[in-house]
Amino acid sequence: MAGKPKLYYFDGRGKMESVRWLLAAAGVEFEEEFLETREQYEKLLQGGSLLFQQVPLVEIDGMKMVQTRAILSYIAAKYNLYGKDLKERALIDMYVGGTDDLMGFILMFPFLSAEDKEKQRALIIQKATSRYFPAYEKVLKDHGQDFLVGNNFSWADVHLLEAILMVEEKKADVLAGFPQLQAFKARISSIPTIKKFLEPGSQRKPVPDDKYVETVRSVLRMYYNIKAS
Amino acid sequence: DGSLLFQQVPMVEIDGMKMVQTRAILNYIASKYNLYGKDLKERALIDMYVEGIVDLNELLMHHTFQPADKKEQHLATIVDKSTNRYFPVFEKVLKDQGQDFLVGNRLSRADVQLLETLLMAEECKPDILAKFPLLQSFKARTSNIPTIKKFLQPGSQRKPPLQEKDVPRVMKIFH
Numbered sequence: 001m002a003g004k005p006k007l008y009y010f011d012g013r014g015k016m017e018s019v020r021w022l023l024a025a026a027g028v029e030f031e032e033e034f035l036e037t038r039e040q041y042e043k044l045l046q047g048g049s050l051l052f053q054q055v056p057l058v059e060i061d062g063m064k065m066v067q068t069r070a071i072l073s074y075i076a077a078k079y080n081l082y083g084k085d086l087k088e089r090a091l092i093d094m095y096v097g098g099t100d101d102l103m104g105f106i107l108m109f110p111f112l113s114a115e116d117k118e119k120q121r122a123l124i125i126q127k128a129t130s131r132y133f134p135a136y137e138k139v140l141k142d143h144g145q146d147f148l149v150g151n152n153f154s155w156a157d158v159h160l161l162e163a164i165l166m167v168e169e170k171k172a173d174v175l176a177g178f179p180q181l182q183a184f185k186a187r188i189s190s191i192p193t194i195k196k197f198l199e200p201g202s203q204r205k206p207v208p209d210d211k212y213v214e215t216v217r218s219v220l221r222m223y224y225n226i227k228a229s
Numbered sequence: 001d002g003s004l005l006f007q008q009v010p011m012v013e014i015d016g017m018k019m020v021q022t023r024a025i026l027n028y029i030a031s032k033y034n035l036y037g038k039d040l041k042e043r044a045l046i047d048m049y050v051e052g053i054v055d056l057n058e059l060l061m062h063h064t065f066q067p068a069d070k071k072e073q074h075l076a077t078i079v080d081k082s083t084n085r086y087f088p089v090f091e092k093v094l095k096d097q098g099q100d101f102l103v104g105n106r107l108s109r110a111d112v113q114l115l116e117t118l119l120m121a122e123e124c125k126p127d128i129l130a131k132f133p134l135l136q137s138f139k140a141r142t143s144n145i146p147t148i149k150k151f152l153q154p155g156s157q158r159k160p161p162l163q164e165k166d167v168p169r170v171m172k173i174f175h
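Protein chains in written order, with the numbering used here: chain A, 1 to 229; chain B, 1 to 175.
Simulated from the structure, these hints should not be mistaken for lab results. Worth double-checking, as some hints may not be accurate.
[What the hints assert, rightly or not] Dumping the calculated DSBU-like pairs for lysine-lysine here, alpha-carbon to alpha-carbon at most 35 Å: (1) A:Lys227 / A:Lys15; (2) B:Lys165 / A:Lys64; (3) A:Lys119 / B:Lys95; (4) B:Lys18 / A:Lys119; (5) B:Lys38 / A:Lys43; (6) A:Lys195 / A:Lys84; (7) B:Lys125 / A:Lys78; (8) B:Lys131 / A:Lys43; (9) A:Lys78 / B:Lys131; (10) A:Lys84 / A:Lys211; (11) B:Lys150 / A:Lys15; (12) A:Lys117 / B:Lys165; (13) B:Lys172 / A:Lys171; (14) B:Lys18 / A:Lys227; (15) B:Lys70 / B:Lys32; (16) A:Lys138 / A:Lys78; (17) A:Lys211 / A:Lys141; (18) A:Lys87 / B:Lys125; (19) B:Lys41 / A:Lys196; (20) A:Lys84 / B:Lys81; (21) A:Lys141 / B:Lys95; (22) A:Lys170 / B:Lys92; (23) B:Lys81 / A:Lys211; (24) A:Lys185 / B:Lys32; (25) A:Lys43 / B:Lys32; (26) B:Lys32 / A:Lys4; (27) B:Lys149 / A:Lys117; (28) A:Lys185 / B:Lys18; (29) A:Lys4 / B:Lys95; (30) B:Lys92 / A:Lys6.
Small disclaimer: the values here were computed from a predicted structure and weren't measured.
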């Protein structure tokens with residue numbers, strides 16, 4: 001059996017953060033190698049580790065996995081966070097798809113101009129409160145259970161908590177109209193592995209700052225402007 | 001009427017579910033019909049390949065929506081990414097394994113997705129596979145699988161490329 005999973009990414013959230021959440025939720029210890037220079041990235045490229053020349057990269061169980069969705073699906077299945085059958089899996093996939101789309105709006109946020117950031121913040125809040133949060137609020141209300149799918153903790157719960165916290169960073173009271181989600185947030189946050197991940201000193205990464213943006217831009221040579229959604 | 005979980009299509013009614021989110025739908029169909037590998041590791045490979053191909057697919061899909069003054073540059077991006085990033089990966093997989101299919105020596109959704117995308121890429125630039133002999137033979141071989149062959153014939157439910165003249169109508173529905 002191989003050692004701990006090893007994550008290759010920038011020292012920041014980006015697309016790798018959901019992987020950190022899921023491994024942490026599953027109680028799996030992992031190592032990280034942070035990309036800080038262009039040279040490091042080129043070395044990875046030349047070494048043939050990056051199937052499509054992109055990070056995230058996760059070395060796990062003898063595989064060099066790329067493509068965030070593939071990585072997350074593998075971890076979820078391996079650690080029994082992917083439902084008990086095809087139909088539960090389908091529900092989890094649907095819910096994760098929604099939170100993925102929502103977090104996608106936030107992913108590009110640090111790279112926007114100041115003006116576009118204001119517009120994007122408004123868009124994130126609008127999408128969260130009129131499209132995504134109502135869907136999950138209803139799921140929880142309709143079945144009255146602690147978890148989104150199958151009355152069992154799953155990837156969908158981890159992903160939704162991550163999304164809720166990220167949106168709250170943009171507007172602290174965004175859950176005001178969503179009592180089920182407020183209770184969900186409290187409940188999932190107190191699961192021991194998650195509680196530990198939410199404490200200072202964990203491998204959870206902070207809100208992206210200018211240093212993070214500059215590192216990503218210089219490593220990827222991504223100096224063009226990103227357009228808002 | 002509440003059928004669209006996130007107010008979006010695609011939506012597929014299947015086995016009593018109203019499924020949304022394209023990936024979720026595809027995952028379900030692939031699993032149900034044994035096109036998703038035989039174990040976790042094959043699944044992981046299939047997922048990696050499919051996600052990469054889908055990234056290229058998105059780029060191709062955006063081509064029709066490009067304004068006239070951006071089209072040529074976009075086409076250059078498509079050709080660059082296809083021939084430098086994506087096609088070499090699958091050419092190498094086919095070469096290294098010497099098998100007919102991408103994963104596990106049998107047909108999977110990765111093969112289907114790759115064929116779909118190769119055909120779309122050729123619609124953008126007919127000779128785009130010129131330097132990829134194994135992808136060319138993959139395309140021919142996979143197109144000959146009876147169910148696929150049937151789908152590629154006129155009269156099937158396969159849809160033609162979105163025409164430029166239809167773009168305004170499509171945009172209007174969603175915006």
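Now the hints, each set against the structure:
no.: 1; hint: A:Lys227 / A:Lys15; result: 18 Å, holds
no.: 2; hint: B:Lys165 / A:Lys64; result: 44 Å, violated
no.: 3; hint: A:Lys119 / B:Lys95; result: 48 Å, violated
no.: 4; hint: B:Lys18 / A:Lys119; result: 33 Å, holds
no.: 5; hint: B:Lys38 / A:Lys43; result: 34 Å, holds
no.: 6; hint: A:Lys195 / A:Lys84; result: 25 Å, holds
no.: 7; hint: B:Lys125 / A:Lys78; result: 41 Å, violated
no.: 8; hint: B:Lys131 / A:Lys43; result: 27 Å, holds
no.: 9; hint: A:Lys78 / B:Lys131; result: 39 Å, violated
no.: 10; hint: A:Lys84 / A:Lys211; result: 42 Å, violated
no.: 11; hint: B:Lys150 / A:Lys15; result: 39 Å, violated
no.: 12; hint: A:Lys117 / B:Lys165; result: 34 Å, holds
no.: 13; hint: B:Lys172 / A:Lys171; result: 31 Å, holds
no.: 14; hint: B:Lys18 / A:Lys227; result: 33 Å, holds
no.: 15; hint: B:Lys70 / B:Lys32; result: 41 Å, violated
no.: 16; hint: A:Lys138 / A:Lys78; result: 29 Å, holds
no.: 17; hint: A:Lys211 / A:Lys141; result: 41 Å, violated
no.: 18; hint: A:Lys87 / B:Lys125; result: 40 Å, violated
no.: 19; hint: B:Lys41 / A:Lys196; result: 30 Å, holds
no.: 20; hint: A:Lys84 / B:Lys81; result: 38 Å, violated
no.: 21; hint: A:Lys141 / B:Lys95; result: 52 Å, violated
no.: 22; hint: A:Lys170 / B:Lys92; result: 44 Å, violated
no.: 23; hint: B:Lys81 / A:Lys211; result: 29 Å, holds
no.: 24; hint: A:Lys185 / B:Lys32; result: 33 Å, holds
no.: 25; hint: A:Lys43 / B:Lys32; result: 41 Å, violated
no.: 26; hint: B:Lys32 / A:Lys4; result: 32 Å, holds
no.: 27; hint: B:Lys149 / A:Lys117; result: 49 Å, violated
no.: 28; hint: A:Lys185 / B:Lys18; result: 27 Å, holds
no.: 29; hint: A:Lys4 / B:Lys95; result: 31 Å, holds
no.: 30; hint: B:Lys92 / A:Lys6; result: 25 Å, holds
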